[in-house]
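Asker: Listed below, chain by chain, are the residues.
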Amino acid sequence: MFETIGIWIAALLTLCIFSFLYKDNPFYKFAEHLFIGVSAGYWACYYYHNVLQPNLFVPLFQEGRPIFIIPLVLGIMMLLHLVPKISWISRWPLAFIVGTYAGYYLITYLQTNALEQVTATLVPLVTFSSVVLFVGVTTGLVYFFFSKEHKGTFGGIAKFGIWFLMIAFGASFGYTVMARISLLIGRMTFLLKDWLHIIQ
Amino acid sequence: MRRQLPLAICFVMGVSMVVQFFIPHRVSQEFYRTILDWYRIVFAFSLVLGTGTLIKVHWAKISKKSKGWQYSIITIGGLVFMLAVGFITGIQEGTLFMKIFEYVEVPLEATMFSLLAFYIASAAYRAFRARTVEATLLLIAAVVLMLGRIPFGYYLWHKIPGIAEWILTNPNMAAKRGIVIGVGLGMISTALKIILGIERSYIGGGK
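Taken in sequence, the protein lines are chains A and B.
Using our numbering, you'd call the opening residue of the first sequence number 22 and step up by one each time.
Using our numbering, you'd call the opening residue of the second sequence number 123 and step up by one each time.
I should point out that these hints are in silico values taken from the structure, not numbers from a laboratory.
No residue lacks a Cβ here, since even glycine has one placed at the ideal position from N, Cα and C.
Take the hints with a grain of salt, since some may be wrong.
As the list claims (entries may be wrong) - Cβ pair distances, simulated, as ranges: (1) B:V228 x A:Y43: 19 to 27 Å; (2) A:F149 x B:V149: 45 to 53 Å; (3) A:L33 x B:G190: 14 to 22 Å; (4) B:T211 x A:K214: 24 to 32 Å; (5) B:M123 x A:Y43: 30 to 38 Å; (6) B:P273 x A:F149: 42 to 50 Å.
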């Protein structure tokens with residue numbers, strides 16, 4: 022019984038969203054606003070049960086570890102952003118988050134995005150694929166070097182880099198199209214199979 | 123106090139996170155774990171702040187009877203209902219909370235993204251007009267990739283899936299690697315500017 026009601030609700034909401042293909046209308050707006058509200062509620066509950074409960078409330082109130090008062094106070098200070106007169110207090114926890122994030126990712130990005138990518142590119146050029154990789158990375162980087170005008174030989178190398186970038190964008194585009202078509206097939210299958218039982 | 127202290131906190135936390143990486147000691151590792159736990163907790167509060175701001179914005183629309191205020195009732199209603207259900211029943215598998223997620227959230231999200239399949243067709247028409255070398259390369263890469271991912275591509279020419287795979291793992295990878303290196307260097311310089319207090323837009327304007 023519950024499943025049948027659920028399928029009907031899901032089907033009607035699906036049709037509400039698809040109605041946008043005709044034009045913007047109240048059914049679409051209803052589904053859109055419901056989506057925002059339900060999503061916000063879902064993630065708020067998810068973070069409460071999976072982050073705040075096990076990492077803050079259990080250690081602080083059940084295990085009696087007073088050190089966890091610090092993140093609790095920082096969290097409450099963060100919420101003071103909603104009170105205009107003392108909203109400046111929320112800068113402290115914000116600075117804590119931004120500083121921690123910046124320090125953490127300074128090393129992480131240096132390792133993964135810079136050093137490891139360069140190491141993986143600088144290999145003996147013994148196969149056609151390794152030549153393509155090396156040429157693609159270097160010409161791509163030349164294109165992203167904007168401190169020198171893209172003219173002459175430098176401009177030619179940069180142009181070659183653009184070609185590699187275009188192939189990558191084309192590949193990403195093709196991938197995105199396939200992913201969206203898969204989702205569309207999934208919704209159509211749901212409507213025709215689970216809801217209307219037209220197909221088996 | 124209002125501007126200097128946040129900058130000092132940011133500097134101390136940033137430098138501490140960098141320094142601890144180079145000290146493989148038990149105390150340093152404990153510090154790292156504790157700070158990351160706190161980071162997660164404070165970040166979770168920032169999501170609560172986001173939810174509060176959402177309610178504030180929509181409440182203002184309702185009280186001012188702004189255009190489309192009726193829809194704001196739907197948003198706040200959905201949010202409050204989901205919160206109430208989540209706190210009363212919990213979020214385990216089989217609860218009402220997860221049923222709502224399954225029958226409301228998932229279909230809405232999937233349908234919203236599947237709508238793009240229609241609009242991407244018109245975007246493809248504009249992007250794929252092979253007027254230049256660049257547009258032609260984009261067109262060829264996209265078409266080969268799409269054909270290579272479906273059985274029809276194999277029936278057209280059995281080598282298409284292999285070519286698609288080669289494009290993905292070589293020229294595509296080369297360009298992505300260039301982008302990733304660029305993004306990495308950009309992130310490193312931005313992180314340094316934040317830690318040193320040169321980039322301070324996160325603390326906003328005012329006193």
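Asker: Against each hint, give a clear statement of whether it holds in the structure.
Answerer: Right, here's what the structure says about each hint:
no.	hint	in the structure
1	B:V228 x A:Y43: 19 to 27 Å	24 Å, holds
2	A:F149 x B:V149: 45 to 53 Å	51 Å, holds
3	A:L33 x B:G190: 14 to 22 Å	21 Å, holds
4	B:T211 x A:K214: 24 to 32 Å	29 Å, holds
5	B:M123 x A:Y43: 30 to 38 Å	56 Å, violated
6	B:P273 x A:F149: 42 to 50 Å	28 Å, violated
In this structure, the earlier hints numbered 5 and 6 are contradicted, and the remaining ones agree with it.
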